[in-house]
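Asker: Residues -27 to -1, 1 to 302, numbered by mature numbering (1 follows the signal peptide of the UniProt record, and there is no 0), are exactly what the sequence shown covers, in order.
Just to be clear, a hint being listed does not mean it is correct.
As a list, the in silico DSSO-like pairs of lysine-lysine whose alpha-carbon atoms are at most 30 Å apart [stated by the list, open to error]: (1) Lys300 / Lys289; (2) Lys194 / Lys236; (3) Lys236 / Lys289; (4) Lys108 / Lys236; (5) Lys300 / Lys59; (6) Lys59 / Lys37; (7) Lys149 / Lys108; (8) Lys300 / Lys149.
Simulated from the structure, these hints should not be mistaken for laboratory data.
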Amino acid sequence: MTRHRLLRRLTLAGLALAGCLSLPALAAEDYPQRPIRLIIPYPPGGSLDPIGRVLAEELSQRVKQAVVVENVAGANGMVGSTRVVKSPADGYTLLLGITSNVALVPLVTPNSPYQASDLDAIGMVGTSGLVLVGKPDLPVDSLQSLLTEARARPGSFSYGVPGSGSLYHLVMEAIKADTGTDIVAVPYRGAGQASVDIMGSQIDVALLGLPAMLPHIASGKMKALAVMSRERDIGNTDIPAAAETPGLQSVDYTIWTGLFAPKGLPAPVRERLHGELQAVLASPEVAQAYARMGVQVAAPQSSEAFASFVARDSEKLRQDVQRTQLKID
């Protein structure tokens, strides 16, 4: 081989290597080049829908491409989540997920097509609380009194289940397991009808989203027994925390909402999406819009920190599922 040919090959190899090394930077600069789908795995009009639509509008303005909301409902969020898991990991299909469809439903569904680990966590959007409410004529005024009465009269109280295998379902079953009480589950397709039946005294208690129940609590149409956290809700300190009840000191549950992508998302694309998400959440207007929906915007954190949080919460839920033997048939 002549010296000229050797130099030419080395030069070409160097250019090729430089091109490979610059690909991530090019990918970050070029993304996105077409509209992005944001999958919401629940029907239009549900509590997650307006959260996703605000996020989509704000992200669209920042990335200069349309972020199109697509509601893919079914199987308690599993249908839409599965579609995202099976999509190309290119940043053009994203999932707005919550505790139930990301972490819990796969644990209680035999032969689930995915687990939380099959998604790349981009960032947390926010959290909202859970509250145990009772019918207006419930003969008790606290969670502790309810449990005392339920132990004395097994099977005499009922609780609404808005979604079999949901976080609401698991938390109530965990409380029953931890306190040795027998409260009869009454299944509902959603929280709306369960809340109507609470106000109509058709069922005794139900675990529901705190924000949506506050007007009914304030009007006396239902009783607030406890929020499902270690500490009282910062905006509703008159409602006791479940952890104040003897035997339930470890109770600490919230509904978290986050942005996810199929596993294997290129790091530059994940970093771009994470940065844009943080910028959206830093907007006072977005924070106010979410506050009106009962969502507390998440504090800034890295994608890695959010992924670790999801992994820890999934493990906690796995232990709860194992303890309660909760399953979806």
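Asker: Hint check: Lys300 vs Lys289, CA-CA at most 30 Å. Holds or violated?
Answerer: holds, 16 Å
Asker: Between the alpha carbons of Lys300 and Lys149, is the straight-line distance 30 Å or under?
Answerer: holds, 16 Å
Asker: Hint check: Lys300 vs Lys59, CA-CA at most 30 Å. Holds or violated?
Answerer: The hint holds at about 24 Å.
Asker: Do the alpha carbons of Lys59 and Lys37 lie within 30 Å of each other, as the hint requires?
Answerer: Holds, at roughly 26 Å.
Asker: Please work out if Lys149 and Lys108 have their alpha carbons no farther apart than 30 Å.
Answerer: Distance of about 19 Å is within 30 Å: holds.
Asker: Need the status of pair Lys236, Lys289: alpha-carbon distance at most 30 Å?
Answerer: holds, 22 Å
Asker: Would you check the hint for Lys108 and Lys236, treating anything up to 30 Å between C-alpha atoms as holding?
Answerer: violated, 44 Å
Asker: Within a Cα-Cα threshold of 30 Å, do Lys194 and Lys236 meet the stated pairing?
Answerer: violated, 45 Å
Violated hints, in rising order: 2, 4; the structure is consistent with all others.
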